[in-house]
Amino acid sequence: MNRLTWLGRTALFALGALVSACTIDATGLSYASVTLSATNVAGESTQGKCTTLPILRGSHELNNVDFDGQFQARVFASSTDVEISFRGVQDAGALRRVLSAEELEGGYAESLDVVAQNGQTFEVLIKSGCSE
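Residue numbers for the sequence shown follow our numbering, so the first one is -6 and each next one is one higher.
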């Protein structure tokens, strides 16, 4: 076996071992994600938007989710965590959440009672995964 063939086989083996260590989904990469949805007191639901945390360090994803013009959620994601804040609601500071990628990967769900500035009450579900 010549030296070039040996190097080529060694490189392919190393690449194969690296790829097989990360087989979480079809692409071989692990993605953490979060979805927000809201339901008003009449039981009418507003489908939220899924935000996927980027996998590259230093990358960010920003989604602004509008819930039928009543209030908004700002979802700011990095490779390590996601920050969820609300606008157009009462007591916005108490509703702010910072969730780690590990929390989302482990399965996270939380229900928040949110009161819009106009007094209308909503139940907001923060859930790991993309369930649009």
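Worth double-checking, as some hints may not be accurate.
Stated by the list, open to error - Below, computed lysine to any residue pairings styled on SDA-like, alpha-carbon distance capped at 20 Å:
#: 1; residue 1: K42; residue 2: S78
#: 2; residue 1: K42; residue 2: E76
#: 3; residue 1: K120; residue 2: T32
#: 4; residue 1: K120; residue 2: G51
#: 5; residue 1: K120; residue 2: L88
#: 6; residue 1: K42; residue 2: H53
#: 7; residue 1: K120; residue 2: F69
#: 8; residue 1: K120; residue 2: R50
#: 9; residue 1: K120; residue 2: Q110
#: 10; residue 1: K42; residue 2: Q65
#: 11; residue 1: K42; residue 2: D74
#: 12; residue 1: K42; residue 2: G112
#: 13; residue 1: K42; residue 2: D106
#: 14; residue 1: K42; residue 2: L118
#: 15; residue 1: K42; residue 2: E103
#: 16; residue 1: K120; residue 2: N56
#: 17; residue 1: K120; residue 2: E96
#: 18; residue 1: K120; residue 2: G99
#: 19; residue 1: K42; residue 2: L105
#: 20; residue 1: K42; residue 2: S104
#: 21; residue 1: K42; residue 2: N56
#: 22; residue 1: K42; residue 2: L92
#: 23; residue 1: K120; residue 2: N33
Worth flagging that the hints you see were computed from the coordinates, not collected in a lab.
* Asked: Is the straight-line distance between the alpha-carbon of K42 and that of S78 20 Å or less?
  -> holds, 14 Å
* Is the hinted pair K42 and Q65 satisfied, with a Cα-Cα distance of at most 20 Å? -> holds, 11 Å
* Quick one, are K120 and L88 close enough, alpha carbons at most 20 Å? -> holds, 15 Å
* Decide if the proposed pair is consistent with the structure: K120 and N56, CA atoms, cutoff 20 Å inclusive. => Holds, at roughly 15 Å.
* Can the restraint linking K42 and L105 be considered satisfied, given a maximum Cα separation of 20 Å? -> holds, 16 Å
* **Agreement of K42 and H53 with the hint, judged by alpha carbon distance not exceeding 20 Å** => holds, 16 Å
* Between K120 and G99, does the CA-CA distance stay at or below 20 Å? -> Roughly 11 Å between the alpha carbons, so the hint for K120 and G99 holds.
* To do: For the pair supplied as a hint, K120 and N33, confirm whether the alpha-carbon distance does not exceed 20 Å.
  => Distance ~17 Å between K120 and N33 Cα, so the pair holds.
* Asked: Between K42 and L92, does the CA-CA distance stay at or below 20 Å?
  -> Roughly 16 Å separates the two Cα atoms, so the pair holds.
* To do: Measure nothing beyond the straight line between the CA atoms of K120 and F69; if it is 20 Å or shorter, mark the hint as holding.
  => With Cα atoms ~15 Å apart, K120 and F69 stay inside 20 Å; holds.
* Asked: Do the alpha carbons of K42 and L118 lie within 20 Å of each other, as the hint requires?
  -> holds, 11 Å
* Asked: CA of K120 to CA of T32, is that 20 Å or under?
  -> Between K120 and T32 the Cα gap is close to 14 Å, so the pair holds against 20 Å.
Hints 4, 8, 9 and 12 from the earlier list are contradicted by this structure; the remaining hints agree with it.
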